[in-house]
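The lines below spell out each chain.
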Amino acid sequence: MTIQISHYLILSALLFSIGAAGFLVRRNSLVALMCIELMLNAVNLTLIAFNRWMPANAGGAVPHHGHVFAFFVIAVAAAEAALGLAIVLSLYRIRKVVRTDDANLMKE
Amino acid sequence: MPTLRPPSTTLETVVFVFFAALAVLGAFGTILSRNPIRAAVGLFVHIVALAALYLNLGAHFLGVIQLLVYAGAVVVLFVFVIMLLGPAANSPKDGRGIGSRGAALIGVAGIAAGLISTLQYVRLPLPERTDSFGTMNVVGSFLFKQGVIPFEMIGVTLVIAVVGAFAIARGKHERRALTDPDPTAPEKLAEGPEPDAKSAKKTAAKQSAEGHS
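Protein chains in written order, with the numbering used here: chain A, 1 to 108; chain B, 1 to 213.
Incorrect hints may appear among the rest.
[To be verified] Derived, one-sided and incomplete: chain A residues facing chain B with beta-carbon distance under 7 Å:
{"#": "1", "residue": "I10"}
{"#": "2", "residue": "P55"}
{"#": "3", "residue": "N57"}
{"#": "4", "residue": "G60"}
{"#": "5", "residue": "V68"}
{"#": "6", "residue": "V73"}
{"#": "7", "residue": "A75"}
{"#": "8", "residue": "A79"}
{"#": "9", "residue": "L85"}
{"#": "10", "residue": "M106"}
{"#": "11", "residue": "K107"}
Don't read these hints as lab results, they were simulated from the structure.
Note that beta-carbon positions come from the ideal geometry of N, C-alpha and C, so glycine has one too.
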């Protein structure tokens, strides 16, 4: 059995769904941030798998668009993790909790 | 020209199955652990397994970047924050929102089932790749020729993120008043004599002005 692109796509869809389910179900903001990372990683896997199966263009140049896009996604994910954890720390400083249910400062 | 075909498709299949199972296990460990440290360990396993899958796909550079940035920086940052928060990082279990959580789970499961039932029919011919595919040399060359402006934009984004993280996480002392209604808080006591000092300064200034006139 050879590995087809569909196997990678199914794995990526599964990982994205696990991340989305965790993000919707868990109330701990740290775990919610980790679930965002899971979803971004699943997207990266899709991009790199499609890049492996992308044919060379007419000039014979091998494309690397998927790799570069995944690189940018990793950079944005790193920035998002830094900002998200800063917000969690700030929320903890104000409310002494990290539950997303208690992050309702703008509602009051 | 040497090509990137793996030594055998059997090896590729074995590597794929092993690390795909590891990635799924790590993801489940992340979302099911009650302890955030265990969730971080699950995320670490997931990231390392995905790096192996990237290598299996010929993306050497991205595999290294994945290990460096995610396993080396992001997971460590998560663990740092969990350690900093201490026991407060564990959110207590409660039964609130069971209905909405169940509805979310059913919706996500439906989306996953739809995606998987559709994606299993995707078939593409596997193109031949040279040995240089996905190495730092060619990806970097692509990045600095065709993607140089997005690359600079990513630099700006990271600088903004660092400055914003500093500004958010530094905190302000005034905000403590939201949770601390106690008027005998040290800040309040410290602020207490301040208005008097100001008014004293003002009266002194007035007196000196009157004296000059």
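Satisfaction of the N57 (chain A) interface hint, Cβ to chain B closer than 7 Å: violated, 11 Å
Chain B contact restraint for M106 (chain A) - C-beta distance below 7 Å: Check failed: Cβ of M106 (chain A) comes no nearer than 13 Å to chain B, outside 7 Å.
When the least beta-carbon distance from V68 (chain A) to chain B is tested against 7 Å, hint result: For V68 (chain A), the interface hint holds, since the closest Cβ of chain B sits about 5 Å away, which is under 7 Å.
Interface hint for I10 (chain A), Cβ within 7 Å of any Cβ on chain B: holds, 5 Å
Interface hint compliance - L85 (chain A) to chain B, C-beta minimum distance less than 7 Å: holds, 5 Å
Given hint A79 (chain A) near chain B, where the shortest CB pair must fall under 7 Å: holds, 4 Å
Cut-off 7 Å, beta-carbon criterion: hint that P55 (chain A) touches chain B: The hint holds - P55 (chain A) has a Cβ within 7 Å of chain B, the shortest such distance being about 5 Å.
Residue hint K107 (chain A), partner chain B, criterion CB-CB below 7 Å: violated, 14 Å
Restraint outcome when A75 (chain A) is required to lie within 7 Å of chain B by C-beta distance: Check passed: Cβ of A75 (chain A) comes within 5 Å of chain B, closer than 7 Å.
Cut-off 7 Å, beta-carbon criterion: hint that G60 (chain A) touches chain B: violated, 10 Å
V73 (chain A) as an interface hint toward chain B, with CB separation required under 7 Å: Violated, because the Cβ-Cβ distance from V73 (chain A) to chain B comes to roughly 10 Å (cut-off 7 Å).
Hints 3, 4, 6, 10, 11, counting from the list given before, are not met by this structure.
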